[in-house]
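2 protein chains.
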Amino acid sequence: MASWGERLAGVRGVLLDISGVLYDGSEDGGVPIPGSVEAVARLKRSQLKVRFCTNDSQKSRGDLVGLLRRHGFDISESEVTAPAPAASLILKERGLRPHLLVQDGVLSEFDQIDTSNPNCVVIADAGESFSYQNMNKAFRVLMELESPVLISLGKGRYYKETSGLMLDVGAYMKALEYACGIKAEVVGKPSPEYFQSALKEMGVEAHEAIMIGDDIVGDVGGAQQCGMRALQVRTGKFRPSDERHPDVKADGYVDNLAEAVDLLLQHADK
Amino acid sequence: MASWGERLAGVRGVLLDISGVLYDGSEDGGVPIPGSVEAVARLKRSQLKVRFCTNDSQKSRGDLVGLLRRHGFDISESEVTAPAPAASLILKERGLRPHLLVQDGVLSEFDQIDTSNPNCVVIADAGESFSYQNMNKAFRVLMELESPVLISLGKGRYYKETSGLMLDVGAYMKALEYACGIKAEVVGKPSPEYFQSALKEMGVEAHEAIMIGDDIVGDVGGAQQCGMRALQVRTGKFRPSDERHPDVKADGYVDNLAEAVDLLLQHADK
Chain A
1 MASWGERLAG VRGVLLDISG VLYDGSEDGG VPIPGSVEAV ARLKRSQLKV RFCTNDSQKS
61 RGDLVGLLRR HGFDISESEV TAPAPAASLI LKERGLRPHL LVQDGVLSEF DQIDTSNPNC
121 VVIADAGESF SYQNMNKAFR VLMELESPVL ISLGKGRYYK ETSGLMLDVG AYMKALEYAC
181 GIKAEVVGKP SPEYFQSALK EMGVEAHEAI MIGDDIVGDV GGAQQCGMRA LQVRTGKFRP
241 SDERHPDVKA DGYVDNLAEA VDLLLQHADK
Chain B
1 MASWGERLAG VRGVLLDISG VLYDGSEDGG VPIPGSVEAV ARLKRSQLKV RFCTNDSQKS
61 RGDLVGLLRR HGFDISESEV TAPAPAASLI LKERGLRPHL LVQDGVLSEF DQIDTSNPNC
121 VVIADAGESF SYQNMNKAFR VLMELESPVL ISLGKGRYYK ETSGLMLDVG AYMKALEYAC
181 GIKAEVVGKP SPEYFQSALK EMGVEAHEAI MIGDDIVGDV GGAQQCGMRA LQVRTGKFRP
241 SDERHPDVKA DGYVDNLAEA VDLLLQHADK
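So the protein lines, in turn, are chains A and B.
Last residue of the first sequence? That's 270 in this note's numbering, and every number before it is there in order.
Last residue of the second sequence? That's 270 in this note's numbering, and every number before it is there in order.
The hints are simulated quantities; they were obtained by calculation from the structure and are not laboratory data.
Some clues are possibly wrong.
[What the hints assert, rightly or not] Taking lysine-lysine pairs in the PhoX-like style, the calculated list, with each CA pair at most 20 Å apart, reads:
id: 1; chain 1: B; residue 1: K183; chain 2: B; residue 2: K137
id: 2; chain 1: A; residue 1: K49; chain 2: A; residue 2: K200
id: 3; chain 1: B; residue 1: K160; chain 2: A; residue 2: K160
id: 4; chain 1: A; residue 1: K44; chain 2: A; residue 2: K200
id: 5; chain 1: B; residue 1: K44; chain 2: A; residue 2: K137
id: 6; chain 1: B; residue 1: K160; chain 2: B; residue 2: K44
Input sequences plus hints: build the corresponding full structure.
Shown next, in the form of structure tokens:
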């Protein structure tokens, strides 16, 4: 494999995944991954541009940033690309009235959206709200539409909390896709539109940007599809088999964000 | 299209789906579909062989037969092919110890099976038991296995109860398949092994048998794949668009079981 110097040459902007890279979530707020608070601070003091690109759809962007700030991270709402606000914009543009299968914590992102007489379903990482009753309700809304529209905030398979692996929205998206015989529109990684909006907000071209994430498919594969480079951290939902993934090969594997930032500060933009 | 006489010539055995053909289920026992009680009785008085072939995995075979008998149907346990007893046999043969994601009502079918230290997951139509917590538990069992085995009792997309459409086990099977990156083994329609076991129990060859069901894919398509003929009834989960299905064309569409039996008694085995 090429040297780190070659692999990181010309990087001007860094997209950071949040869950599994900055911190491991849990019901009571989670814990920062060792070294990540300092790594973000060092990155932000450097000449590199930084943006956070999350698929978290359990919390509003404000709540997520508040939580991370309490953990000591230097982060503000305007630096975060998140699926719920992105979906809210799309709904407004297309005049869609969603039935929301989401957690209460993220409802505020849809405050401005008309949800009467729904003509689509928006599904997020609803956690405990993925009851049979709630799934069946969303299913029936879709089956009553002539052209069912299902918008999924990400399509992650699972993520890691301190208590263990947790099913993510992608599993439930697949359930509704199969039951209704439809294909969901994904707002979130690895959708190219989503990465491109994050790049635009950061003001960096794809070939000058690198994604750092714990998801070999959603983060690494998705970013590479957009022409970016991507590192996988061995934290969060990383599993050793990821390094032998049949389809996706990261531009590098690092133990954690701290190691990624060490390498970037040493080799990027040279 | 050929005449009914040509389409039904040489039929010696009839496989009957239960839910949506004999009765529409509901939480309080459901209601027989008009004419079906008499249709089953007429069929059983004829020279045709009859077997019931269900994907119902919510109830034990004994409970299902008890319910149908209370509705007036002439049916006994030995005439029913059902996925839970079929799966129970497979588990025994292969020495598999399942984690069961099923409703309490069907647990008795697995009485003889060791469920300690599970090395596979069996998923049935668990209804309200498809909570996030239960799904996550099954998911974690699979993720901890080196070669995860997921056995699904059917793969139906949805069925119809008197209260409306209900998500079926197939949707949740797809969720686990996607989350774990695996493929489930299906015990139930449209699995060819399942149809073949029903034919064997009836003592009729595929080309002499006809399936009557409300599911264009699971009943009609599955039976035709096995070399049987198949009629779709316009009851249960039937939707008008089924008659324009892109891949599956029934050998005939009838309003209900009563009409199917009229035609069979007139034209079969001639």
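Tested hints:
1. B/K183 x B/K137: 18 Å, holds
2. A/K49 x A/K200: 12 Å, holds
3. B/K160 x A/K160: 36 Å, violated
4. A/K44 x A/K200: Holds, because 18 Å separates the two Cα atoms, which is no more than 20 Å.
5. B/K44 x A/K137: 40 Å, violated
6. B/K160 x B/K44: 26 Å, violated
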